[in-house]
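Chemist: Given these sequences and hints, build the entire structure.
So in the numbering used here, spot 78 of the sequence shown is number 92, and the numbers just go up one at a time.
What the hints contain is simulated information worked out from the structure, not anything from laboratory work. Mixed in with the good hints, there may be bad ones.
[Claimed, not checked] Listed below are the simulated BS3-like cross-link pairs for lysine-lysine, each with C-alpha atoms no more than 27 angstroms apart in a straight line:
no.	residue 1	residue 2
1	K38	K165
2	K62	K88
3	K88	K38
4	K62	K225
5	K50	K62
6	K219	K143
7	K166	K219
8	K38	K219
9	K219	K102
10	K38	K225
11	K48	K62
12	K38	K48
13	K88	K225
14	K102	K38
15	K143	K165
16	K166	K143
17	K50	K166
18	K102	K88
19	K62	K38
20	K102	K50
21	K38	K50
22	K143	K88
23	K225	K48
24	K102	K62
25	K219	K165
26	K62	K219
27	K88	K48
28	K88	K50
29	K102	K48
As the structure is a prediction and not an experimental result, all values here were calculated from the model.
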Amino acid sequence: MKINIFKQVYPPFFRFFRTRRMQKFIRSFHVTGKTKILDVGGTPAIWKYSPVQPDLFLLNLSGSKQADQNIERKIIIADGRHLPFRDKSFDIAYSNSTIEHLGGYEQQILFSNEIRRAARSYYVQTPNKWFPIEPHYFTPLIHWLPRNIQKKLLRNFSIRGLLMRPSQEECEEIIDRNRLLEIGEFRALFPEAVIWRERILGLTKSLIAVKITE
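Modeler: As structure tokens, then:
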């Protein structure tokens, strides 16, 4: 029987970090109900942690079952690497754990360029490659191995694989799609940003590129 790791294992972990992260975002960017925000790759669920409901646009919700009737938002189906907006159309571009799912660094460059172009300010979060636990597989050290070895191990030697039992083909697709970033690469993608480090037990769990334009 498959167990949905995201519903049964992740929620308490996610809830703690996302609540803290969202509150810091709202406070640092001085978000109000009139702030025009583009959430690239997001869902309504994360915005329930926000004490303020901005003028919210959610991009890339095709097929998403997550909905919250209490969250006022506009849904846009588009590619985050080719945003259908004029330059600086938004006050803030926001993205949480999306840029690592694009497959390769060239695609991540396209994504970062669009984030920087479409909004005056931005906030982009991604897991740190050098944090010892891989957040998508919930398993230590596996993501530091060569990809061909990861593909052999994911199904039977990771918590995600043991709980969800993906097929070998699904394992290969997951690994081909995910590419975690280290801080040097992340800085290069967002050169004008300040990089926040989100820590746990003294180790950097996540990286957040922040540009605040007053």
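Chemist: Take the hints in turn and mark each one as holding or not.
Modeler: Now the hints, each set against the structure:
1. Proposed proximity of K38 and K165 is contradicted: the alpha carbons are some 37 angstroms apart, above 27 angstroms.
2. Restraint check for K62 and K88: satisfied, since their Cα atoms lie roughly 15 angstroms apart, inside the 27 angstroms limit.
3. About 23 angstroms separates the Cα atoms of K88 and K38, which keeps this hinted pair within 27 angstroms; it holds.
4. For the proposed pair K62 and K225, the alpha carbon gap of about 23 angstroms is at most 27 angstroms, so the pair holds.
5. For the given pair, K50 sits about 17 angstroms from K62 by alpha-carbon distance, which is consistent with the 27 angstroms threshold.
6. For the given pair, K219 sits about 8 angstroms from K143 by alpha-carbon distance, which is consistent with the 27 angstroms threshold.
7. Distance check on the hinted pair: K166 and K219 sit about 25 angstroms apart at the alpha-carbon level, within 27 angstroms; holds.
8. At roughly 16 angstroms between alpha-carbon atoms, K38 and K219 fall within 27 angstroms of each other, so this suggested pair holds.
9. For the hint linking K219 to K102, the alpha-carbon distance of about 30 angstroms lies beyond 27 angstroms, and the restraint is violated.
10. Using a Cα cut-off of 27 angstroms, the hinted pair K38 and K225 holds, with the two alpha carbons roughly 14 angstroms apart.
11. Only pairs whose Cα atoms come within 27 angstroms are accepted, and K48 paired with K62 is accepted, the gap being roughly 17 angstroms.
12. A hinted pair counts as satisfied when its Cα atoms are at most 27 angstroms apart, and K38 with K48 qualifies at roughly 18 angstroms.
13. Distance check on the hinted pair: K88 and K225 sit about 24 angstroms apart at the alpha-carbon level, within 27 angstroms; holds.
14. Only pairs whose Cα atoms come within 27 angstroms are accepted, and K102 paired with K38 is accepted, the gap being roughly 23 angstroms.
15. This hinted pair checks out: K143 and K165 have alpha carbons roughly 17 angstroms apart, not beyond 27 angstroms.
16. Between K166 and K143 the alpha-carbon distance is near 20 angstroms, which keeps this suggested pair within the 27 angstroms criterion.
17. Distance check on the hinted pair: K50 and K166 sit about 44 angstroms apart at the alpha-carbon level, beyond 27 angstroms; violated.
18. Taken as a hint, the K102 and K88 pair is honoured in the structure, with Cα atoms around 18 angstroms apart against an allowance of 27 angstroms.
19. Among the hinted pairs, K62 with K38 is consistent with the structure: their alpha-carbon atoms are about 14 angstroms apart, no more than 27 angstroms.
20. With a C-alpha separation of about 11 angstroms, the suggested pair K102 and K50 falls inside the 27 angstroms cut-off, and the hint holds.
21. Restraint check: the Cα-Cα separation between K38 and K50 comes to about 18 angstroms, which is no more than 27 angstroms; the hinted pair holds.
22. Only pairs whose Cα atoms come within 27 angstroms are accepted, and K143 paired with K88 is rejected, the gap being roughly 32 angstroms.
23. Between K225 and K48 the CA atoms are separated by roughly 19 angstroms; this keeps the pair inside 27 angstroms, and the hint holds.
24. Under the criterion of a C-alpha separation no larger than 27 angstroms, the hint pairing K102 with K62 is consistent with the structure, at around 26 angstroms.
25. For the hint pairing K219 with K165, the CA-to-CA distance comes to about 23 angstroms; that is within 27 angstroms, so the pair holds.
26. Simply put, K62 and K219 have alpha-carbon atoms about 23 angstroms apart, close enough for the 27 angstroms limit, and the pair holds.
27. With a C-alpha separation of about 14 angstroms, the suggested pairing of K88 with K48 holds against the 27 angstroms cut-off.
28. Between K88 and K50 the alpha-carbon distance is near 11 angstroms, which keeps this suggested pair within the 27 angstroms criterion.
29. For the hint pairing K102 with K48, the CA-to-CA distance comes to about 16 angstroms; that is within 27 angstroms, so the pair holds.
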